[in-house]
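A.B. asks: Sequence:
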Amino acid sequence: MKDLFIKRFKYYKSLGDKSFGQLSDEQIFWQYNDESNSIAILVKHIAGNMLSRWTNFLTEDGEKPWRNRDDEFVNTFKTKQEVIEYWETGWKCLFEGLDQINDENLHHTVYLRGEAHSVIDAVCRQLAHYPYHIGQIVYIAKMVKNDDWKTLSIERNKSQEFNNEMKNKFSEEKLGE
Numbered sequence: 001m002k003d004l005f006i007k008r009f010k011y012y013k014s015l016g017d018k019s020f021g022q023l024s025d026e027q028i029f030w031q032y033n034d035e036s037n038s039i040a041i042l043v044k045h046i047a048g049n050m051l052s053r054w055t056n057f058l059t060e061d062g063e064k065p066w067r068n069r070d071d072e073f074v075n076t077f078k079t080k081q082e083v084i085e086y087w088e089t090g091w092k093c094l095f096e097g098l099d100q101i102n103d104e105n106l107h108h109t110v111y112l113r114g115e116a117h118s119v120i121d122a123v124c125r126q127l128a129h130y131p132y133h134i135g136q137i138v139y140i141a142k143m144v145k146n147d148d149w150k151t152l153s154i155e156r157n158k159s160q161e162f163n164n165e166m167k168n169k170f171s172e173e174k175l176g177e
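Quick note: the sequence shown uses our numbering, first residue 1, plus one each step.
If you're looking for bench data, these hints aren't it; they were derived computationally from the structure. C-beta: ideal position from N, C-alpha, C; glycine also. What you were told as hints is all true, and nothing was included just to trick you.
Straight-line distance between alpha carbons at most 25 Å, and here's what the computed PhoX-like set of lysine-lysine pairs gives:
| # | residue 1 | residue 2 |
| --- | --- | --- |
| 1 | LYS64 | LYS92 |
| 2 | LYS13 | LYS64 |
| 3 | LYS92 | LYS13 |
| 4 | LYS78 | LYS92 |
| 5 | LYS169 | LYS7 |
| 6 | LYS92 | LYS18 |
| 7 | LYS80 | LYS142 |
| 8 | LYS145 | LYS158 |
| 9 | LYS80 | LYS10 |
| 10 | LYS169 | LYS158 |
| 11 | LYS7 | LYS150 |
| 12 | LYS2 | LYS92 |
With beta-carbon atoms standing in for the labels, derived distance ranges:
| # | residue 1 | residue 2 | range |
| --- | --- | --- | --- |
| 13 | LYS150 | ASP103 | 32 to 42 Å |
| 14 | SER36 | ARG125 | 20 to 30 Å |
| 15 | GLU172 | THR79 | 37 to 47 Å |
| 16 | ILE120 | SER14 | 21 to 31 Å |
| 17 | GLY135 | LYS92 | 21 to 31 Å |
| 18 | THR76 | GLN100 | 22 to 32 Å |
| 19 | LYS92 | ASP70 | 19 to 29 Å |
| 20 | THR79 | GLY135 | 21 to 31 Å |
| 21 | ASN102 | GLU161 | 36 to 46 Å |
Modelling step: build the complete structure from the supplied sequences, incorporating the hints.
C.D. replies: Shown next as C-alpha cells:
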C-alpha cells in the first residue's frame, strides 16, 4: 500500500516540477486578479500543509500549533528558486512521513485538527488535496505559457496513437512473464 501511495504522490509532484520547468520567475508570481492565487502562493500553501501534516505523522496531530495557514496565502517569496526550494522541502517531509507507514500501522489512528482518521484515510485526504492544487498550478502555467506550453500528458489528436503504444507495451510485458 505504501508503495502505491509513493507512486501516486511522485506522479503529482512530477506535474508540478514539469510545470515549473516551463516558467520564468515572473510567471511563477502571476495572478489573474487580486482574489486569485499565483503559483508561488499555491506552492506556499501546499508545502505548508505538507510540513504540518507529515511532521511526526503517526504521533502528532496533523494540524501543528506552529502552522499559520492564513499566512500561506500571502506571498513572501522573491524568486522562482525560493518557491522551488520550499516545494522540495514540503515533498521531502511528505516522503519521510510516508516512509513511516507499514502494514502494521495502516489502520492505526492519526488526528487532523482533532478528528480521528485511519492512516489510510489521512493519506487519501492528502492524495485528494494536493492534486487539486497541483491541477491549479498546471492550469495557471498553461494559461501564462499559452502557445508555448508543452503538454504534460497526451498531446492533442494523439490519443489513439498513445493508446496503441500503451497496449503494445503492456502486451509485450505480458508475453515476457
